[in-house]
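Novice: Let the hints inform the model, and build the full structure from the sequences given.
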Amino acid sequence: MTPDTTDLVKQLLKGNRRAAARLMTLAESLSPEAHSAIKQLYPHTGKAHIIGITGPPGSGKSTLVDKLIEQFRNQKLKVGVVAVDPSSPFTGGALLGDRIRMNRFASDHDVFIRSMGSRGSLGGLAWATHDIVHILDALGKDIILVETVGAGQAEVDIIQLAETVVLLSVPGLGDDIQTIKAGIMEIGNVFTINKSDLDGADRRYVEIQSALNLGQETKGWQPPIIKVVATTGEGVEELTKAIQDHHSYLVESGEIAQNREQRCSAQLETIVEHSFIRKLFTDPEEQTLFQELVKEVNSRKTDPYTAAEKLILHLIKTPKK
Amino acid sequence: MTEAEQKIRVLIAKPGLDGHDRGAKVVARALRDAGFEVIYTGLRQTPEQVAETALQEDVDVVGLSILSGAHMRLFPEIMKLLKERKMKDVLVIAGGIIPEDDVKPLKKLGIKAIFGPGTPTGEIVEFIRKHTK
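Chains as they are written, first to last, in the working numbering: chain A, 32 to 352; chain B, 3 to 135.
Hints in this document: simulated from the structure, not taken from any laboratory.
Errors might be hidden in some of the hints.
[Stated by the list, open to error] Output of the computed footprint for chain B on chain A, the stretches with three or more beta carbons under 8 Å from beta carbons of chain B:
1) 91-100
2) 120-130
[Unchecked claim] In silico lysine-lysine, BS3-like type, Cα no more than 27 Å apart, as pairs:
3) A/258 / A/272
4) B/114 / B/90
5) B/110 / A/109
6) B/9 / A/70
7) B/110 / A/41
8) A/348 / A/70
9) B/85 / A/45
10) B/82 / A/45
11) A/78 / A/272
12) B/88 / A/109
13) B/82 / B/106
14) A/45 / B/90
15) B/85 / A/41
16) B/85 / B/9
17) B/106 / A/45
18) A/332 / A/107
19) B/88 / B/114
20) B/85 / B/110
21) B/135 / A/310
22) B/106 / A/41
23) A/41 / B/9
24) A/41 / A/107
25) A/41 / B/132
26) B/90 / B/9
27) A/310 / A/326
[Stated by the list, open to error] From the derived model, a few chain B residues whose C-beta atoms are all more than 12 Å from chain A:
28) 12
29) 13
30) 22
31) 41
32) 46
33) 51
34) 111
35) 115
36) 116
37) 125
38) 132
Ideal placement from N, C-alpha and C gives every residue a C-beta, glycine not left out.
Specialist: Here it is, written out as structure tokens:
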């Protein structure tokens with residue numbers, strides 16, 4: 032079945048949830064129809080506040096997202112959620128369980144929740160997560176919450192997508208050196224300590240605080256550290272305020288323009304890179320050349336850099352079918 | 003690597019008030035291992051929640067697990083809500099404790115298969131593969 036993308040996009044812009052869901056499936060299939068749909072709906076995006084929620088597995092991301100939906104719904108804002116869980120590297124299957132925590136919103140038509148398998152992507156999101164966010168944006172959501180795969184140290188793709196990144200931590204994970212390592216600790220705009228009714232929450236607070244204070248810059252946005260208990264909702268109102276304060280800061284300081292440009296640039300880069308790789312692995316002619324070059328590299332007839340140059344040249348020169 | 007492909011997406015839902023989710027979890031796990039994307043929503047779903055989740059997740063299959071005995075009340079409601087959402091092409095299957103006498107009326111409603119206790123999970127996987135796409 033080939034769905035008519037123009038029609039689906041039309042329906043989407045009228046607020047049709049089924050059309051949104053169909054377009055998301057299309058986007059996940061990374062098909063040319065999906066790209067055509069995104070081209071059509073892209074002018075209708077750029078209105079939503081995109082919020083990333085990231086943190087280690089089991090730190091309470093889904094439970095927190097559920098409580099945040101409640102806060103934003105109290106403000107009468109329309110909410111979209113994308114929740115990414117890992118796909119199996121062996122079978123490609125996935126068990127997407129983030130919705131379990133958010134079931135109470137399943138019958139609220141102003142909340143749209145979509146689960147995604149990471150499908151081989153390693154940065155905490157899936158390839159199509161950007162497109163799904165665009166679709167939710169075009170559907171008219173005011174707030175889009177993006178929950179990453181459980182993240183450890185280096186899954187930082189979320190900064191290419193979210194305007195505000197909420198970095199979740201819990202008591203009892205490593206010492207203060209962990210908090211000054213490069214990577215994920217650098218990406219938070221709002222730091223959150225969940226399960227802060229447990230022992231060690233105060234210590235965690237001090238560790239994050241001192242890690243933040245070690246930085247030189249003091250001007251601009253100062254990431255706050257908010258203690259919450261997601262299961263009871265304690266502290267979530269304060270967290271919501273901090274998230275919205277960050278957005279106001281971006282708008283008032285004018286940083287939002289720069290922030291958006293950076294994200295567009297990152298997305299463009301990813302698409303180009305991805306299209307190249309896709310072509311390389313789907314086009315039979317490229318595949319043949321690739322396999323030949325692998326053999327040549329292996330037999331030391333050539334080296335990997337020369338082989339790569341040949342492949343790139345060939346890709347550029349091959350006319351588009 | 004990132005080959006464009008249509009993944010089979012399955013919603014495993016437990017409508018009704020019984021608290022027995024072991025069967026649903028075993029099936030969810032087996033489907034995951036078969037390479038499907040399984041959306042697992044946990045216990046005590048209302049028909050409205052099941053239908054709306056199926057819509058938002060755009061699943062190919064809805065698997066209903068029920069052990070409370072309320073299937074003759076809940077399943078028709080779910081089928082009605084799915085139809086209202088124009089999800090006629092979604093494959094609906096069920097499992098759990100469903101008496102033989104109820105199988106025929108449920109199939110008439112459009113539930114394509116009913117898998118009782120002891121069904122090998124491979125049979126469910128095969129059925130889904132055969133009846134989607």
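Novice: May I ask you to check that residue 12 of chain B keeps its beta-carbon over 12 Å from the closest beta-carbon of chain A?
Specialist: With a cut-off of 12 Å, residue 12 of chain B comes too close to chain A, as the shortest Cβ separation is near 10 Å.
Novice: Quick one, are residue 88 of chain B and residue 114 of chain B close enough, alpha carbons at most 27 Å?
Specialist: 17 Å, holds
Novice: Need the status of pair residue 41 of chain A, residue 9 of chain B: alpha-carbon distance at most 27 Å?
Specialist: With Cα atoms ~25 Å apart, residue 41 of chain A and residue 9 of chain B stay inside 27 Å; holds.
Novice: When you check the alpha-carbon spacing of residue 348 of chain A and residue 70 of chain A, does it fall within 27 Å?
Specialist: 25 Å, holds
Novice: For the pair supplied as a hint, residue 90 of chain B and residue 9 of chain B, is the alpha-carbon distance within the 27 Å limit?
Specialist: Within the cut-off at roughly 19 Å; holds.
Novice: Holds or violated: residue 9 of chain B and residue 70 of chain A, Cα atoms, limit 27 Å.
Specialist: 23 Å, holds
Novice: Is it true that the CA of residue 135 of chain B sits at most 27 Å from the CA of residue 310 of chain A?
Specialist: Distance ~25 Å between residue 135 of chain B and residue 310 of chain A Cα, so the pair holds.
Novice: Holds or violated: residue 114 of chain B and residue 90 of chain B, Cα atoms, limit 27 Å.
Specialist: 12 Å, holds
Novice: Given that the region 91-100 of chain A was listed as covered by chain B, double-check it with a C-beta distance under 8 Å for 3 or more residues.
Specialist: It is violated, with 0 qualifying residues against the three required.
Novice: Are all C-beta atoms of chain A more than 12 Å from that of residue 115 of chain B?
Specialist: Holds, since 20 Å exceeds 12 Å.
Novice: For the pair supplied as a hint, residue 310 of chain A and residue 326 of chain A, confirm whether the alpha-carbon distance does not exceed 27 Å.
Specialist: 20 Å, holds
Novice: In terms of Cβ atoms, is chain A entirely out of 12 Å range of residue 46 of chain B?
Specialist: At about 8 Å from chain A, residue 46 of chain B fails to clear the 12 Å cut-off, so the statement is violated.
The structure shown violates the earlier hints numbered 1, 5, 7, 17, 18, 22, 25, 28, 29, 31, 32 and 33.
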